[in-house]
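Colleague: Chains as they are written, first to last, in this note's numbering: chain A, -7 to 537; chain B, -7 to 537.
The hints are simulated quantities; they were obtained by calculation from the structure and are not laboratory data.
Among these hints, one or two may not hold up.
[Stated by the list, open to error] Below 27 Å or equal to it, Euclidean Cα-Cα: the simulated DSS-like pairs (lysine-lysine) are:
{"#": "1", "chain 1": "A", "residue 1": "Lys457", "chain 2": "A", "residue 2": "Lys348"}
{"#": "2", "chain 1": "A", "residue 1": "Lys310", "chain 2": "B", "residue 2": "Lys163"}
{"#": "3", "chain 1": "A", "residue 1": "Lys15", "chain 2": "B", "residue 2": "Lys348"}
{"#": "4", "chain 1": "B", "residue 1": "Lys385", "chain 2": "A", "residue 2": "Lys281"}
{"#": "5", "chain 1": "B", "residue 1": "Lys197", "chain 2": "B", "residue 2": "Lys163"}
{"#": "6", "chain 1": "A", "residue 1": "Lys124", "chain 2": "B", "residue 2": "Lys124"}
{"#": "7", "chain 1": "B", "residue 1": "Lys385", "chain 2": "A", "residue 2": "Lys534"}
{"#": "8", "chain 1": "B", "residue 1": "Lys508", "chain 2": "A", "residue 2": "Lys504"}
{"#": "9", "chain 1": "B", "residue 1": "Lys470", "chain 2": "B", "residue 2": "Lys183"}
{"#": "10", "chain 1": "A", "residue 1": "Lys385", "chain 2": "B", "residue 2": "Lys457"}
{"#": "11", "chain 1": "A", "residue 1": "Lys310", "chain 2": "A", "residue 2": "Lys124"}
{"#": "12", "chain 1": "B", "residue 1": "Lys124", "chain 2": "A", "residue 2": "Lys272"}
{"#": "13", "chain 1": "B", "residue 1": "Lys504", "chain 2": "A", "residue 2": "Lys508"}
{"#": "14", "chain 1": "A", "residue 1": "Lys348", "chain 2": "B", "residue 2": "Lys385"}
{"#": "15", "chain 1": "B", "residue 1": "Lys251", "chain 2": "A", "residue 2": "Lys385"}
{"#": "16", "chain 1": "B", "residue 1": "Lys197", "chain 2": "A", "residue 2": "Lys508"}
{"#": "17", "chain 1": "B", "residue 1": "Lys385", "chain 2": "A", "residue 2": "Lys508"}
{"#": "18", "chain 1": "B", "residue 1": "Lys123", "chain 2": "A", "residue 2": "Lys123"}
{"#": "19", "chain 1": "A", "residue 1": "Lys508", "chain 2": "B", "residue 2": "Lys272"}
{"#": "20", "chain 1": "B", "residue 1": "Lys457", "chain 2": "A", "residue 2": "Lys534"}
{"#": "21", "chain 1": "B", "residue 1": "Lys534", "chain 2": "A", "residue 2": "Lys534"}
{"#": "22", "chain 1": "B", "residue 1": "Lys348", "chain 2": "A", "residue 2": "Lys348"}
{"#": "23", "chain 1": "B", "residue 1": "Lys272", "chain 2": "A", "residue 2": "Lys310"}
{"#": "24", "chain 1": "A", "residue 1": "Lys385", "chain 2": "B", "residue 2": "Lys163"}
[Said to hold, decoys possible] If we take Cβ atoms under 8 Å as the criterion, some of the chain A residues that face chain B in the derived model are:
{"#": "25", "residue": "Gln59"}
{"#": "26", "residue": "Ser60"}
{"#": "27", "residue": "Cys62"}
{"#": "28", "residue": "Phe66"}
{"#": "29", "residue": "Tyr153"}
{"#": "30", "residue": "Gly249"}
{"#": "31", "residue": "Ser252"}
{"#": "32", "residue": "Lys277"}
{"#": "33", "residue": "Asp345"}
{"#": "34", "residue": "Ile346"}
{"#": "35", "residue": "Val353"}
{"#": "36", "residue": "Ala381"}
{"#": "37", "residue": "Gly455"}
{"#": "38", "residue": "Lys457"}
{"#": "39", "residue": "Leu525"}
{"#": "40", "residue": "Ile531"}
For clarity, every value in this text was computed on a predicted model and none was experimentally measured.
Each residue gets a CB set at the ideal place from its N, CA and C atoms; glycine is no exception.
There are 2 protein chains.
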Amino acid sequence: MKITLAQLNYHIGNFDGNLSQMKEAIEKAKEDQSDLICFSELSTCGYPPRDFLEFRDFIHQSMNVIQSLCEQSFDIAIVVGAPTVNPEIEGKDLYNSAFFLYGGKVQHIAHKALLPNYDIFDEYRYFEPNKKFKTVEFKGKKIAITICEDIWNLGNNNPMYTIVPMDEMMKENPDFILNLSASPFSATHAKERIEVIRANVLKYKIPMFYCNSFGSQTDVIFDGGSIVMSPDGLTYDEMPFFEKCQRNYDLDQVCEGGKSNELPKEEVSLIYQALVLGIKDYFSKLNLKTALLGLSGGIDSALTCVLATHALGKENIKVLLMPSQYSSEGSVVDARDLAEKLGISYEIIAIEDIFKTYSHVLDPFFSGMPQNITEENIQARIRGMLLMAFSNKFGSILLNTTNKSEMAVGYGTLYGDLCGGLAVLADVYKTQVYELSHYINRNEEIIPQNSISKPPSAELRPGQKDSDSLPDYSILDKILYQYIELEKGPNEIIDQGFDRDIVLRSCRLVNKAEFKRYQSPPVLRVSSKSFGLGRRMPIEGKYLV
Amino acid sequence: MKITLAQLNYHIGNFDGNLSQMKEAIEKAKEDQSDLICFSELSTCGYPPRDFLEFRDFIHQSMNVIQSLCEQSFDIAIVVGAPTVNPEIEGKDLYNSAFFLYGGKVQHIAHKALLPNYDIFDEYRYFEPNKKFKTVEFKGKKIAITICEDIWNLGNNNPMYTIVPMDEMMKENPDFILNLSASPFSATHAKERIEVIRANVLKYKIPMFYCNSFGSQTDVIFDGGSIVMSPDGLTYDEMPFFEKCQRNYDLDQVCEGGKSNELPKEEVSLIYQALVLGIKDYFSKLNLKTALLGLSGGIDSALTCVLATHALGKENIKVLLMPSQYSSEGSVVDARDLAEKLGISYEIIAIEDIFKTYSHVLDPFFSGMPQNITEENIQARIRGMLLMAFSNKFGSILLNTTNKSEMAVGYGTLYGDLCGGLAVLADVYKTQVYELSHYINRNEEIIPQNSISKPPSAELRPGQKDSDSLPDYSILDKILYQYIELEKGPNEIIDQGFDRDIVLRSCRLVNKAEFKRYQSPPVLRVSSKSFGLGRRMPIEGKYLV
């Protein structure tokens, strides 16, 4: 039996687009004499469709795609993910399902049993978990169809679920496992995934064909990396990350095993690729073309600029250099150097005149009061406004350049440098920003060395440095990782040897900045815990504040 | 047996504050010779604690509150809601529980079985559902302890759950039902709640003591209105909405019934009270005092201003009047009239000079291009920046005045009039803004008649009217209600007789404005479907766009 995996990039609610690329893949698989083609989880409608699932019309349109795919299934079996209506009155209205189409008809519908409802996932919001397990017979083989999370409850220290779907399936002695996934990227996820697949294959002693999607849906990035694993626990094949791929596999050869074809998984390289794809898909799926950003001469905006240029092409990037009276001389030079090196167009707009007009207008009301954060924020907001004016006038989308350390502690101005349609680096800690910059400069200096080596500064008052008001990033980032990614309380962090005052201050800053993050742009997710829908915190919480 | 219900206002993560008000309530109940005092769902830590629940330290602090309450339980039984750790390895880590404390000890822990995971609710994200049901014996009576949603799976057309907790409890023949709730307000919720309680009482033929919390948690408002219902289905007592209340009830008298004490539930009045409480609690829980807003002379800012004044007191409100060259003469007059009538302080700042400076600075880049939305947005953003400058300088919090119709279709400027710490009216359709204004003016003219009767306009270009670019609000609001609250697709809405083009355009506008709402302030929720965490939509979705 020849099995085809199609690793595609789906677009939420774009039923025509999703159908047409699946049809194309089916055509190709037929030409290749394949017996069965497998797509990913919810591939008719894209993943995650979120509350669109609550619209009957949306489900109806997804079912129309299934109907169209049926017509393609006379000579080939098609396995495709789609939501289905739960026929029972009790329970949630939908199932997260996989259709097995063959001979022009729906032969079988398998439902997902383990519904992730943590981090960015909300599947229990929409779906009823499956409780009946059945394999599918096709050309003399029994297939265990599973959907994403279904294979993840295995050998965990702290399992979130009380059932193991494959244990149930095994009662019917399937010949192989198909898994339809929409499994989001994080820097370590591809490694974890391969271990989970291996644990399954070694436990059940049958091969697995795991088909993941790729592409980003605003904040959530899917990395592909679909896998075929033989019963010997060796990776028969691993598809490339972050790109379209379609390959055919001979079941007998996969069963035989003995081949190991794993891809390298260097974290910094994966994060780089994820961010580039995240920018690219954001623009293409929203039917946008050109990006805009402010270049300060610092490392965050320089890195964002390089990523955007790699994603969209130099002809589609425009940058503004907006020096103030507090900008160091080097800032404009460094920013211009980068723009010229990348070959992107830039404009220089001094913000001093506008700042003076604001000061003049506000003077009667603020007279006698000392300058403070107000005046710093005004500068940041003037820059935000100028960028938005260019954005509105030329139809370019503003990219936000805030990093995760700043976003965590609220070191940024709401409606100022926190503006933007997409926050490119807000899941990348400052220390990782340096790593990524070195990675980009590994062959030649693209990001000016000066932007990398100078002390970080917002340059909003004379001689200002980030280190005036924040702990050193090499300490801060470690504390933030414990608090944000690992959800450790302050005492647990202090017990690891960190300074008590710094820990308490850092955690408090994170909690107090919740109101800023609530209004910040969507963040490209590259860690296991990113700001946004994956981290839901009360604004009014008193905990640790 | 004397039973006390304590309807209190909890603060998320404020363990000391929550404990001290519960202790005070217990003292009072002891003075009143009560046998049992009942608090609300998750009263140790406040509801909804969201991802704080994932911090072991947070759960530990909540358990310390339970420990302290135990020491108060020698002469009185205390029923209190708190998260508990699930001792099983498999399944979610926590239960949403109710502790029964007596004689200085934990006598019983009941877990919630029905975990809401829709709209603003995410309980399945944290909690394992209860599967074992047991009543508590106390002074010769058997008590069925239920938590919020546990009593809601009854008589629904489309039940979300497959079990009915009270059916299980009834196997032990309880004498009465206790329900600990944190049940959020919406305009029609108090009516629905009383019918659900009635359905339970009539089905099981035992009384129910239903204890709800009150107070807001940023966007979510809890309305109190705790209920004691006799087995005859009559409302023995209904506590006031939106305020602290503690009352004692004699179980025998409640069982006897025959009394009907329901409160009036006029929607416009409830929404008014909810919004006032929402503003008040936002400030008090964040330890803030003074509010700031821009007064345009229009009805939305006028209504917001009145609500804020009622919530915080006239001495704590400051308004800015920021006319431009396009402002009508009446606008400043109407705004000033309102400020003077309310006795609040106001400043007038013309934005023309700043606008001219921007134009001058941008002219070299925009020359030859026609004026468009860019220049309109610049004006809105100058106003946002001036308000934020006052906010920063004086420590006042900016209130956002956008209404739900505008927020739905994206009729507002990001980083301009969409600025603010809290969106007061963004769950109130424009047609409801008029209703609320008439309600406020029912005895005397507080909101100037002129603000109510003039055609809505953003006044960002000469002669601009909302109706130039939007359908009439009386039509638009009906379509939006079908699409947002009822989640009807466009064809279903058109089938009701609405114009096809207007429906399609309206739905498209809603979907296209997702990126703006993503960065908008938290919205006080007064409907069954508010913008924010209760409505989760993809930004890149292609559906209907």
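Colleague: Now tell me, hint by hint, if it's right for this structure.
Modeller: So, going through the hints one by one against the coordinates:
For a cut-off of 27 Å, the pair hint linking Lys457 (chain A) to Lys348 (chain A) stands: about 23 Å separates their Cα positions. At roughly 71 Å between alpha-carbon atoms, Lys310 (chain A) and Lys163 (chain B) are farther apart than 27 Å, so this suggested pair is violated. Of the supplied pair hints, the one linking Lys15 (chain A) and Lys348 (chain B) is violated, its CA atoms being roughly 56 Å apart against a limit of 27 Å. For the hint linking Lys385 (chain B) to Lys281 (chain A), the alpha-carbon distance of about 39 Å lies beyond 27 Å, and the restraint is violated.
A threshold of 27 Å between alpha carbons decides the hint, and for Lys197 (chain B) with Lys163 (chain B) the separation of about 13 Å falls inside it, so the pair holds. Taking the CA atoms of Lys124 (chain A) and Lys124 (chain B), the gap is near 23 Å; set against the 27 Å cutoff, the hint holds. Using a Cα cut-off of 27 Å, the hinted pair Lys385 (chain B) and Lys534 (chain A) holds, with the two alpha carbons roughly 24 Å apart. Only pairs whose Cα atoms come within 27 Å are accepted, and Lys508 (chain B) paired with Lys504 (chain A) is accepted, the gap being roughly 23 Å.
For the given pair, Lys470 (chain B) sits about 22 Å from Lys183 (chain B) by alpha-carbon distance, which is consistent with the 27 Å threshold. For a cut-off of 27 Å, the pair hint linking Lys385 (chain A) to Lys457 (chain B) stands: about 22 Å separates their Cα positions. Restraint check for Lys310 (chain A) and Lys124 (chain A): the C-alpha separation of about 55 Å exceeds 27 Å, so the hint is violated. A threshold of 27 Å between alpha carbons decides the hint, and for Lys124 (chain B) with Lys272 (chain A) the separation of about 51 Å lies outside it, so the pair is violated.
A threshold of 27 Å between alpha carbons decides the hint, and for Lys504 (chain B) with Lys508 (chain A) the separation of about 23 Å falls inside it, so the pair holds. As the CA atoms of Lys348 (chain A) and Lys385 (chain B) are separated by approximately 17 Å, the hinted pair is consistent with the 27 Å bound. Annotation: proposed proximity of Lys251 (chain B) to Lys385 (chain A) is violated, straight-line Cα distance about 67 Å (limit 27 Å). Under the criterion of a C-alpha separation no larger than 27 Å, the hint pairing Lys197 (chain B) with Lys508 (chain A) is inconsistent with the structure, at around 50 Å.
The suggested pairing of Lys385 (chain B) with Lys508 (chain A) holds, with an alpha-carbon distance near 18 Å, which does not exceed 27 Å. Proximity of Lys123 (chain B) to Lys123 (chain A) is assessed by CA-CA distance (about 16 Å); at most 27 Å being required, the pair is judged to hold. Between Lys508 (chain A) and Lys272 (chain B), the direct Cα distance comes to roughly 20 Å. Compliance with the 27 Å bound is thereby established for this hinted pair. Our distance criterion of 27 Å between C-alpha atoms is broken by Lys457 (chain B) and Lys534 (chain A), whose separation comes to about 44 Å.
Using a Cα cut-off of 27 Å, the hinted pair Lys534 (chain B) and Lys534 (chain A) is violated, with the two alpha carbons roughly 39 Å apart. The suggested pairing of Lys348 (chain B) with Lys348 (chain A) holds, with an alpha-carbon distance near 13 Å, which does not exceed 27 Å. With a CA separation close to 45 Å, the supplied pair Lys272 (chain B) and Lys310 (chain A) exceeds the 27 Å bound. With a C-alpha separation of about 69 Å, the suggested pair Lys385 (chain A) and Lys163 (chain B) falls outside the 27 Å cut-off, and the hint is violated.
Annotation: interface hint on Gln59 (chain A) violated; nearest CB of chain B at approximately 17 Å, more than 8 Å. At its closest, the beta carbon of Ser60 (chain A) sits 17 Å from a beta carbon of chain B; the interface hint therefore is violated under the 8 Å criterion. Because the closest C-beta pair between Cys62 (chain A) and chain B is about 22 Å apart, greater than 8 Å, the hint is violated. Given the 8 Å rule on beta carbons, the hint for Phe66 (chain A) is violated: about 29 Å separates it from the nearest Cβ of chain B.
A cut of 8 Å between beta carbons decides the hint on Tyr153 (chain A): the least distance to chain B is about 7 Å, and the hint holds. A distance limit of 8 Å between C-beta atoms decides the matter here; for Gly249 (chain A) the minimum to chain B is near 32 Å, and the interface restraint is violated. The interface hint given for Ser252 (chain A) is violated, since its Cβ lies 33 Å from the closest Cβ of chain B, which is over the 8 Å cut-off. About 4 Å separates the beta-carbon of Lys277 (chain A) from the nearest beta-carbon of chain B, less than 8 Å, and the hint is met.
The closest approach between the C-beta of Asp345 (chain A) and any C-beta of chain B is roughly 6 Å, which is under the 8 Å cut-off, so the hint is satisfied. Against a cut-off of 8 Å between C-beta atoms, the interface hint on Ile346 (chain A) holds, since the closest Cβ of chain B lies about 5 Å away. Because the smallest distance between the Cβ of Val353 (chain A) and any Cβ of chain B comes to about 6 Å, under 8 Å, the interface hint for this residue holds. Hint status for Ala381 (chain A): holds, given a least beta-carbon distance of 6 Å to chain B, under 8 Å.
Residue-level restraint check for Gly455 (chain A) is violated (minimum Cβ-Cβ distance to chain B is 21 Å; threshold 8 Å). Look at Lys457 (chain A): its Cβ only gets to about 21 Å from chain B, farther than 8 Å, so that hint breaks. For Leu525 (chain A), the interface hint holds, since its Cβ comes within 8 Å of a Cβ in chain B; the closest pair sits about 7 Å apart. With its C-beta approaching chain B no nearer than about 5 Å, Ile531 (chain A) sits inside the 8 Å limit, and its interface hint holds.
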